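A.B. asks: Required output: the full structure, derived from the provided sequences and hints.
Chain by chain, the residues:
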Amino acid sequence: MDFRFTDEQEMTASVVRDLLEDLCQPADLRRLMVAGQARDGHRWDKIVEMGIAGILVPEDVGGLGLQPVDFVQCAEACGYAGLPEPLVENAGVALPLLAGAAPTHSLLARALAGQITVALGHGANPFIADADTAGAIVIERDGALHLIEPGAASLTRQPSIDPFRRLFTVEFAPGGIPCIASAHEAAPLLAEAFDRGALFAAAQQVGIAKRCVDLAVTFAKERHQFGKPIGSYQAIKHHLASVQVKIEFARPVLYAAAAALPQGDLYSRARISHAKLVATEAADLAARTAIQVHGAMGYSWEVDVHFFLKRAIALETWWGKPALHRARVAERVLAGALGPESIFFQEHDNA
Amino acid sequence: MDFRFTDEQEMTASVVRDLLEDLCQPADLRRLMVAGQARDGHRWDKIVEMGIAGILVPEDVGGLGLQPVDFVQCAEACGYAGLPEPLVENAGVALPLLAGAAPTHSLLARALAGQITVALGHGANPFIADADTAGAIVIERDGALHLIEPGAASLTRQPSIDPFRRLFTVEFAPGGIPCIASAHEAAPLLAEAFDRGALFAAAQQVGIAKRCVDLAVTFAKERHQFGKPIGSYQAIKHHLASVQVKIEFARPVLYAAAAALPQGDLYSRARISHAKLVATEAADLAARTAIQVHGAMGYSWEVDVHFFLKRAIALETWWGKPALHRARVAERVLAGALGPESIFFQEHDNA
Amino acid sequence: MDLTYTDEQKRFRQEVRSWMEQHVPKAPLTSFDASREGFEAHREWERTLSEGRWGMVTWPESYGGRGLDLIQWLIFEEEYYRAGAPLRVNQNGIFLLGPTLMEYGTDEQRSRFLTAMASGDEIWAQAWSEPQAGSDLAAVKSTATRDGNDYVLKGHKIWSSRAVFADWAFGLFRTDPGSQRHKGLSLIFFKLDAPGVRTQAIAQIDGETGFAEIFLEDVRVPAFNRLGPEGEGWSICMATAGFERGLMLRSPARFQVAARKLVELYKAHEAEIEPGVRDAVVRCAMDADAYALSIYSTASRLRAGGHIGAEASTNKIFWSEMDIVLHKTALAILGARAELLRSAPAAGDVGKWLDGYFFSLAGPIYAGSNEIQRNIIAERLLGLPRA
Amino acid sequence: MDLTYTDEQKRFRQEVRSWMEQHVPKAPLTSFDASREGFEAHREWERTLSEGRWGMVTWPESYGGRGLDLIQWLIFEEEYYRAGAPLRVNQNGIFLLGPTLMEYGTDEQRSRFLTAMASGDEIWAQAWSEPQAGSDLAAVKSTATRDGNDYVLKGHKIWSSRAVFADWAFGLFRTDPGSQRHKGLSLIFFKLDAPGVRTQAIAQIDGETGFAEIFLEDVRVPAFNRLGPEGEGWSICMATAGFERGLMLRSPARFQVAARKLVELYKAHEAEIEPGVRDAVVRCAMDADAYALSIYSTASRLRAGGHIGAEASTNKIFWSEMDIVLHKTALAILGARAELLRSAPAAGDVGKWLDGYFFSLAGPIYAGSNEIQRNIIAERLLGLPRA
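Chains as they are written, first to last, in my numbering: chain A, 1 to 351; chain B, 352 to 702; chain C, 703 to 1089; chain D, 1090 to 1476.
Read the hints as simulated data drawn from the structure, not as lab findings. Careful, some of the hints might be misleading.
Claimed, not checked - For lysine to aspartate or glutamate, the following EDC-like pairs were computed, each having C-alpha atoms within a straight-line distance of at most 16 Å:
| hint | chain 1 | residue 1 | chain 2 | residue 2 |
| --- | --- | --- | --- | --- |
| 1 | A | Lys221 | D | Asp1225 |
| 2 | C | Lys712 | B | Glu400 |
| 3 | B | Lys572 | C | Asp869 |
Unchecked claim - Across the chosen pairs, the derived CB separations fall in these ranges:
| hint | chain 1 | residue 1 | chain 2 | residue 2 | range |
| --- | --- | --- | --- | --- | --- |
| 4 | B | Gln614 | A | Ala183 | 52 to 60 Å |
| 5 | B | Gln614 | A | Pro229 | 50 to 58 Å |
| 6 | A | Pro58 | C | Pro977 | 39 to 47 Å |
| 7 | A | Pro58 | D | Ser1151 | 46 to 54 Å |
| 8 | D | Gly1437 | C | Lys1054 | 30 to 38 Å |
| 9 | B | Trp652 | D | Gly1285 | 25 to 33 Å |
| 10 | D | Arg1475 | C | Tyr707 | 51 to 59 Å |
| 11 | A | Gly123 | C | Lys843 | 52 to 60 Å |
| 12 | B | Gln697 | A | Glu302 | 49 to 57 Å |
| 13 | A | Ala335 | C | Pro977 | 17 to 25 Å |
| 14 | A | Ala337 | D | Gln1098 | 35 to 43 Å |
| 15 | D | Gly1437 | C | Leu1043 | 48 to 56 Å |
| 16 | A | Ser14 | C | Asp878 | 54 to 62 Å |
Predicted, not measured: the structure shown is a model, and the values here were computed from it. Beta carbons are placed, not taken as given, at the ideal position from N, Cα and C, and that holds for glycine.
C.D. replies: Below, the structure written as structure tokens:
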């Protein structure tokens, strides 16, 4: 029992953190918007060079064979940076799924090499993110998994309020698309993919929440009203302190959820959903508080908070809206073991 | 259309307010507790002398023939004072019911003269308040109304956390007790009694809320910490300001509900329930905030806030718990007319 | 207390309703902040209103009004919003400056400005804030230097609504160069096309532009454009702000319509969503209702000669917090579609909820932040000591 | 990160569990605040614990402990609460003073006080606050005047938990008469039965007595009773407070048991109550869970040599607010019976929820009010400027 990340885990996270701090500042986001491009090519190259595309893919099929807990802080860093490129969805969700469904597929090898990204059309989400830039789309239809290669389906862009979310719906002629996993084979893969999707969405929300607090604190130290920095007023202090409390009590749940994910049982599902719920609440409160602290400036395009506000809105329902996750927690609370000794329970403990 | 109380209405309220300010201060409450008596005889005599026992009873049966809107501020004053004696339940709820069920009954005349009080066993409440001191108990059984004279039934005291709430359950031999209204006759009377009970409970909650704010403000001006009155700190100011906002937006609903009560329709029922809900929320937040503002003192018996905290807890479920009132509002919101023009709707407007 | 409408009030409601049914544009007008066209279309609507003498029904007939009382104004507003009529492009004029002009202006000023205001011939922007004077409005640095019968304006205003396309603006200027804080300020009008005035639109978080910066360089205006005595600008401005927050800034009808739409949205999706959402929807309808009742209560008091006090602050806190919850509840109902732009093929009935949500986030900030309002309530209403 | 228990930890849990099953009193003890009998019964339980060397498992064996780490302490606490064992009458000693003595005491002081503390032979009260020194603890006026090898204590302490029946108390005294605020304070122990000490119980809102006032008139204690250097009392006391709020004041197990009971209460009444309550119940279970995870995280860090920082403040805010919501939710389930005393014939399963609710209202106040905690978080954790 040790609730600390290992040195290796901290190192992986700091590599991603440092890279994004160099290459993914709000100014970079604004430049990308003006350029009207899907990706920042240079940034994406650097991300690919990190070689973590296969971080959650088993070693025997060419991945690094690491676990969600090894990636959770990376996803948090992506949220903190507001990263537009699909590192989380590709490495964190899609590739492990593809590796499970088609471990020998040539496209998997190319994806692990960083030559292409894979987009995922999971039944839990009505849209597919980054489908246009993907070298392959794994899509669920009637529980089975199909693999769409570029051009094999028609994509319709579904513009999001978040300028960096590239959402699509896809249409294709049934039959024309190869099936890579039957409904029976796909079911456990899809369930685990949902858990990873929800977990890493929660991680991004925690990162977003922290970023909003940092932006607000910086502003509150500089901005003076009535002859004092506004950050010296109790009202501002207590708003931000309340957000910080939410963050401090979302993080341990997030990390415990990451560690528990491989269990794939009542308890791990509930903890992942718990993390998604409280991380989303933290991001929502943090973004609104940051806007409030910035005053009128917070409502302007010029201040960066809105990028994180919009991402938080999008991630609130991405990989399951709150109602769904509340229901998953309720199932554990009302049907599972409770009490002090049950904190780290696994289903087989009860067997 | 005039949303102001008439001079007469203000006068009635101020008479009650002044009397209670003289005779019902926390010191009086504490004296009554020590004495261990059910009522403060002197105070009750003065209340009886006001001659408002029949305020809501039709003139043709010996009452003053006034309306709930004429009494609502009196009930508010009783909440503000934490009055132990049953002025509200007797004059506001029980007597109009008895007058409707048995207009010629000799006990009604004695009650209107202030010689006795009448307790009410309404199906909406599991207990009967002040049953032991009552000269008669009107009780609902299977929808019909029965009248119990002292000694005709056995009372069991159900001690409440509020030392001034005298709650009882009652048992009596069926048949031995005269029926004063059949289920058919009683139904409309019981429905209107419920509306009055909920309305005047809401009024008391608003009074309680305001009293808690006043107690907290007085303390916050006197108490110094870090060399300043604690009331000069933004945290204290904003806590109390938030309570005040709740009070300011409960009052107009309460008064509109009082004016609408005689309609006895979907719209008046919803407004009464709305008032009960927001008044209860205001009283709850006000009492807890007052305790917080008082610091450790607020948790002590010596400070008076707890009297109002306990009354607020009791009234939260008295005359319908929040879930019931939410359902009544939901019925109007989901089934009734909505929009700006519907603010003062009555059902017959739609006919 | 009498909460029933008189026959005259009922007749008046019918009159408004039928006029609106005949005149309200069938197609919604394009935003008055986005383009000159949209702005002029709204000006046209103001002219149509004034032809029907609906420009500002509470004003005296001599200024194009109908001399009606505040209850009738509420009825008018209810019917106005019920009909889905366009937003008032001139709200800075008719709701903020108008009442202040009525109270503090000279006869000449009233006849010069009010009629053109009610008719929509002159649309007004407000120019309160400055980069360093937000919540701390008394920190304004812009100056008005007396020169004969004129003032020469210098300075930088910000968060001026409508300033991009409006004709006139009113703002606070320091007329006493040596003065500090609240002293030595005057309320002065200036034309936005006057030499030396430059406006610059400010993009909001949703990319729309509703506010602007105003740069003033030696802008010459006649002393006639000063409202009230020199140096009295602060108290006059506070009166305006009080009226703004207190009554007219946010018509109850606006939220009652929003609540009705929320209930309709809920009913349309009831099957898909968790039961808990029902309570939130009902709560929004309750709050819109409570706000309307509170305004009726205030209006009754003001009509009888009362004055608006710190309740201006309680109102502002209540509607701004209600507005956020109302829109968040709508987004919760929309679920995964909440993030979509209206232009998205899959948007379905997302409508303007997301835009409305963003706008609601400005509510606790502008017209005096809610933190400032809570200070006001604590100090003026509850009598707590100043810091 | 490894969130599975080692076999040793599992064995330890089993050991605690079976010992508790054999030793925890079947009938609940009467309150240690209400009577001398209740107090002594709890002292007996402390003695029983120490005979099993369960008095304070994290302490060195030399002081009656087991030299276990904080993770094992958490496991012990989980099994302790799971077994429904009595509240720790000596929590001021073992949880607050004990760790501080360990860090700041001399060997003589440690051996003099810790063993008797762990054994329950000496039960401790805390004596921080004074009538004018609540949130502003640095305003303490009580003095300790040096006289040879003694101090002479004078003053008035308040909100001292356990002081009515306890043997010893520790508190802050001004040892430098000319000193101001945080300077010149020392942490000093005194016996509550010493000449010149008078205690007076304080009645709480529920009529119970958990706190007391202590009046000190020329109470002579040896300088040996001073913990740490003279004048260093403030920093030592802050360390204690940090430890108190941070970890041991509120064991996660306490809330996990409360949440379990809440879920059981909910299930027993599910049929009668509105669906919305389910979400509130689930939320309470989530929060109790989150609190436990956060403490495991802190304990892991401390075990590895880390120090507790402002998270002490975030913890205190979180558990105190959670505790109120948890008990309010229970009262909502009880409905009209919520106001009844347990003694009421119709009370049914009201249990101690109402008492617990009242006690929860003290949570945001004591051990440093939540307002103070939010200041600390803003200033120390977020780096916002002091007022």
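A.B. asks: Now tell me if each hint is right for this structure.
C.D. replies: Hints, verified against the model:
1. A:Lys221 to D:Asp1225: This hinted pair is violated, its Cα atoms lying about 25 Å apart.
2. C:Lys712 to B:Glu400: violated, 43 Å
3. B:Lys572 to C:Asp869: violated, 49 Å
4. B:Gln614 to A:Ala183: 52 to 60 Å: holds, 58 Å
5. B:Gln614 to A:Pro229: 50 to 58 Å: About 55 Å separates the Cβ atoms of Gln614 of chain B and Pro229 of chain A, which means 50 to 58 Å holds.
6. A:Pro58 to C:Pro977: 39 to 47 Å: Given about 42 Å between the Cβ atoms, the range holds.
7. A:Pro58 to D:Ser1151: 46 to 54 Å: Holds - the Cβ-Cβ distance for Pro58 of chain A and Ser1151 of chain D, about 51 Å, lies within 46 to 54 Å.
8. D:Gly1437 to C:Lys1054: 30 to 38 Å: violated, 51 Å
9. B:Trp652 to D:Gly1285: 25 to 33 Å: For Trp652 of chain B and Gly1285 of chain D the Cβ distance comes to about 27 Å; the hint holds.
10. D:Arg1475 to C:Tyr707: 51 to 59 Å: holds, 57 Å
11. A:Gly123 to C:Lys843: 52 to 60 Å: Given about 59 Å between the Cβ atoms, the range holds.
12. B:Gln697 to A:Glu302: 49 to 57 Å: holds, 52 Å
13. A:Ala335 to C:Pro977: 17 to 25 Å: Because 19 Å falls inside the window, the suggested range holds.
14. A:Ala337 to D:Gln1098: 35 to 43 Å: Cβ of Ala337 of chain A to Cβ of Gln1098 of chain D: about 18 Å, so the range 35 to 43 Å is violated.
15. D:Gly1437 to C:Leu1043: 48 to 56 Å: About 55 Å separates the Cβ atoms of Gly1437 of chain D and Leu1043 of chain C, which means 48 to 56 Å holds.
16. A:Ser14 to C:Asp878: 54 to 62 Å: holds, 57 Å
In the structure shown, a violation is registered for the earlier hints numbered 1, 2, 3, 8, 14, in ascending order.
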